[in-house]
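Asker: Take a look at the letters that make up each chain.
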Amino acid sequence: MTQKTLTHLQRLEAESIQILREVVAEAENPVMLYSVGKDSAVMLHLAKKAFYPAPPPFPLMHVDTTWKFQDMYALRDKAAAEAGMELIVYQNPEAKERGINPFDHGSLHTDMWKTEGLKQALDKHGFDVAFGGARRDEEKSRAKERVFSFRSANHRWDPKNQRPELWSLYNARKAKGESVRVFPISNWTELDIWQYIHLEGIEIVPLYFSAERPTVERDGLLLMVDDERFPLKDGEEPKMRSVRFRTLGCYPLTGAVESQAKTLPEVIQEMLLTTTSERQGRAIDHDQAASMEKKKQEGYF
Amino acid sequence: MTTQDPIYKTDALIAEDIDAYLETHQHKTMLRFITCGSVDDGKSTLIGRLLYDSKMIFEDQLAALEADSKRVGTQGGEIDFALLVDGLAAEREQGITIDVAYRFFATEKRKFIVADTPGHEQYTRNMVTGASTADLAVILIDARKGVLTQTRRHSYLVNLLGIKNVVLAVNKMDLVSYSQETFDSIVADYKAFAQSIGIEEFTAIPISGYCGDNITANSENTPWYTGTALLPHLEAVEVNNTADQDKSFCLPVQWVNRPNLDFRGFAGTIASGTIRPGDAIRVLPSGKTSTVARIVSLEGDRELAVAGEAVNITLADEIDCSRGQVIVAAQDPLEVADQFESTLVWMDENALVPGRAYWLKIGTQTVSATVQHPKYEVNVNTQEHLASKTLDLNAIGVANITTDREIPFAPYAENRTLGGFILIDKMTNHTVAAGMIHFALRRAQNIHWQATDIDREHHANMKHQKPAVLWLTGLSGSGKSTIANIIEKKLARMNRHTFLLDGDNVRHGLNKDLGFTEADRVENIRRVGEVAKLMTDAGLIVITAFISPFRSERDMVRSMMQPGEFIEVFVDTPLEVAEERDVKGLYAKARSGALKNFTGIDSPYEAPMNAEIRIDTTAMTADEAADLIIARLIP
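If you read the protein sequences in the order shown, they are chains A and B. If you count by the numbering used here, then the first sequence holds residues 182 to 482, one letter each, in order. If you count by the numbering used here, then the second sequence holds residues 26 to 660, one letter each, in order.
Treat the hints with care, as some may be off.
As a list, the in silico DSS-like pairs of lysine-lysine whose alpha-carbon atoms are at most 27 Å apart [what the hints assert, rightly or not]: (1) Lys185/A / Lys134/B; (2) Lys621/B / Lys355/A; (3) Lys53/B / Lys230/A; (4) Lys185/A / Lys230/A; (5) Lys414/A / Lys443/A; (6) Lys621/B / Lys537/B; (7) Lys558/B / Lys537/B; (8) Lys300/A / Lys341/A; (9) Lys53/B / Lys443/A; (10) Lys357/A / Lys53/B; (11) Lys272/B / Lys185/A; (12) Lys134/B / Lys341/A; (13) Lys229/A / Lys53/B; (14) Lys355/A / Lys305/A.
In short, the hints are calculated from the structure, not lab data. In this text, all values refer to a predicted model and were calculated from it rather than measured experimentally.
Take these sequences, add in the hints, and give me the full structure.
Answerer: Right, here's the structure in full:
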């Protein structure tokens, strides 16, 4: 009989597709949260594969903070159009009105735009299942989160009361008002993501590749001056540096790394030889050791 | 502490020829394994060590680890690898792992996913969860302690979940002076036990997670050990995903892909075997046959698909097929049955209630199922069989299960996908148990329905009425029996043939062997439901007056009847009012503690959510209530 040994990427892909289809078969009103990063790009690509020749039967939703990189907004609109999916962009009106921004408001910025914004958006549209592109290798509390992760009616995560997940059987049943966050790429690592992007030729935001970009150095982070809203301090002048980003978020909160990697293989090469983890470039995780777990309990993705 | 060569991240190749590196790494295979052992066995330390030695720990993580080790570590300020993997804050405080965590690392040849689960008896459910997706198990033993009760428990569970590759890692060899004698004697002990529970083969490796002996390479400290070190062994072990390809084709249909009228694809993950366009298939349980037309994918049609792949296939003929059905090789269909003997691992705080209906999810299908009284419970420490009436959290037992319809299946030992299932509580939606099918019971085939010439329609026609069940539910003292009596009298005057089943009366005869525990209450209602069903077959209008406190049992009775025949009447009386009436003096007894499991006092009442009729007894008399109900029954 013909034998075909599946590679690790083929097994991961099959697992993710099974999860995506299971949600569509069981959920009433699913949505895919799309952050425009490389993990979102892979998740969207897997969704296209899972439902081909139909377009993915759910909308994409971007919970926007108005502070993302310009390149991200451009790719977001393009990717949604190419996938033939509806794109919902949600911006927390209260945060907008109060002018919440990462320069003046610290952690309130993440809380209002992202955590609160997400809850509002899910409630507004009545989505009962939201796909997210989180991976278990990112952070310790993620390592224990289920693929189907339940949220109470007020969006809280209870790490001590998670449903057991056996084999590839997912229990998606829930009471009215409760919702589920589903993570189809839970078992992928950063390297898997990069290899898959390389192998499948998936388009990602150019910010992942190095280029000459205007940057300033603040609190040990290299920040890119992406638009005129960046308040420069006295005597501070953006300097052109050859930089790229390992993760993408709000531009004033995302540290760049100096790099010459202009192609995917070069990026992967740099990643493999690096000595720091990818979340280090994010200001959000540094607060305290268990900060992510706390944020997640409060409803952060 | 010895530091190993960084052989698992070939920096040179990455630096010199990244394309060649990527090419190799795209062809890696994957191994999922579980580590079993208690905190004291050094399990977390071993996993931390594997991550460290395969260079999966970055400098910033290492810095955080060093700081943590000084603050809360148990290694006297030295790096405490256990801190790397004990994820949740609560766990770090308690110093124990309480859940399943998944870790990732990769070597030249493989990507690994490690399920890290706690080893204590109270965490059996977590270990079973981790083992359900594992290709291999590493069972840790503390060399100073040898084979312990927990070793036996872990081995039993590993074997129960069907893991064929077992590694016995005899850890902490540094603390027994790397003694070969100690190692050999532990291995001999374990071998005798393993054979007794059916583990035929295992690989024993002497290691030290703390010192790094025999982890990535053979250690100088154990020159007498000639086998492979742990990581090279994990890299070389044959993975099972090709074995499943030799079995016959089977695809549980997960989702029907229907973007337009011209395309109908059946999407799912192949559970076993291989498939090509032109292959003859059969759809179960309908038995309809066709051939595969295309294997459709975004990259173009495919010529072959194998077990483990998620596919979308189209058939040559338009035949009925939907989610939950199974497409199999035409010449080799699966068994189809509705009664099974299974092992159950109970995973919920609320114990099994025999006779209660649960959701059973198997493959892509969810059906309603009831579990009989367990045949026995297994003592996971000694593997003895014990008599048991139920299964509590973390208990493992064997019981018969009946589903409400026939389902295609395979014994778990042959196919994890078609033999493994979960049970879901219909009320809480919790996953309450994991199950593994042994075999189908033949009873379903042997008890045929006796076809009778005078059928239920005939009975009903003779009585000139439509049979129905008026199911009155409500608290003790709510007025059910009073109202039921009036209804029956009024219907008798209208020349209707009725029968009143009353809770108290039934307990004097049919159900006098039952008490008031949750399980007995479920059985009480099940029997009443069956009797009511026979009476509707006889053409009668049945009136019942039972507290019937649980929603799931009322729904069970509803599902026994023909559609529209079951009329749920919620006799809604507030607890204070019922307690004040206390016609039988029962509330007083319950309050004083003389009466246990009394509904509304120390046993719950689940009010109906969608009852056909609700009677507010504080707003109308019993007579008015009866009229209202009859008006609904005979419009």
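Asker: Against each hint, give a clear statement of whether it holds in the structure.
Answerer: We went through each hint and held it up to the structure:
Restraint check: the Cα-Cα separation between lysine 185/A and lysine 134/B comes to about 17 Å, which is no more than 27 Å; the hinted pair holds. Between the alpha carbons of lysine 621/B and lysine 355/A the distance comes to roughly 32 Å, so the proposed pair goes past 27 Å and is violated. Distance hint between lysine 53/B and lysine 230/A is fulfilled; the C-alpha atoms sit about 22 Å from each other, no more than 27 Å. Between lysine 185/A and lysine 230/A the alpha-carbon distance is near 20 Å, which keeps this suggested pair within the 27 Å criterion.
Straight-line distance between C-alpha atoms of lysine 414/A and lysine 443/A comes to about 31 Å, which puts the hinted pair past the 27 Å bound. About 17 Å separates the Cα atoms of lysine 621/B and lysine 537/B, which keeps this hinted pair within 27 Å; it holds. Restraint check for lysine 558/B and lysine 537/B: satisfied, since their Cα atoms lie roughly 20 Å apart, inside the 27 Å limit. Among the hinted pairs, lysine 300/A with lysine 341/A is consistent with the structure: their alpha-carbon atoms are about 22 Å apart, no more than 27 Å.
Annotation: proposed proximity of lysine 53/B to lysine 443/A holds, straight-line Cα distance about 26 Å (limit 27 Å). Straight-line distance between C-alpha atoms of lysine 357/A and lysine 53/B comes to about 43 Å, which puts the hinted pair past the 27 Å bound. The hinted pair formed by lysine 272/B and lysine 185/A meets the criterion: a straight-line CA distance of about 14 Å does not exceed 27 Å. A distance of roughly 36 Å separates the Cα atoms of lysine 134/B and lysine 341/A; the hinted pair therefore is violated under the 27 Å criterion.
Taking the CA atoms of lysine 229/A and lysine 53/B, the gap is near 25 Å; set against the 27 Å cutoff, the hint holds. Our distance criterion of 27 Å between C-alpha atoms is met by lysine 355/A and lysine 305/A, whose separation comes to about 19 Å.
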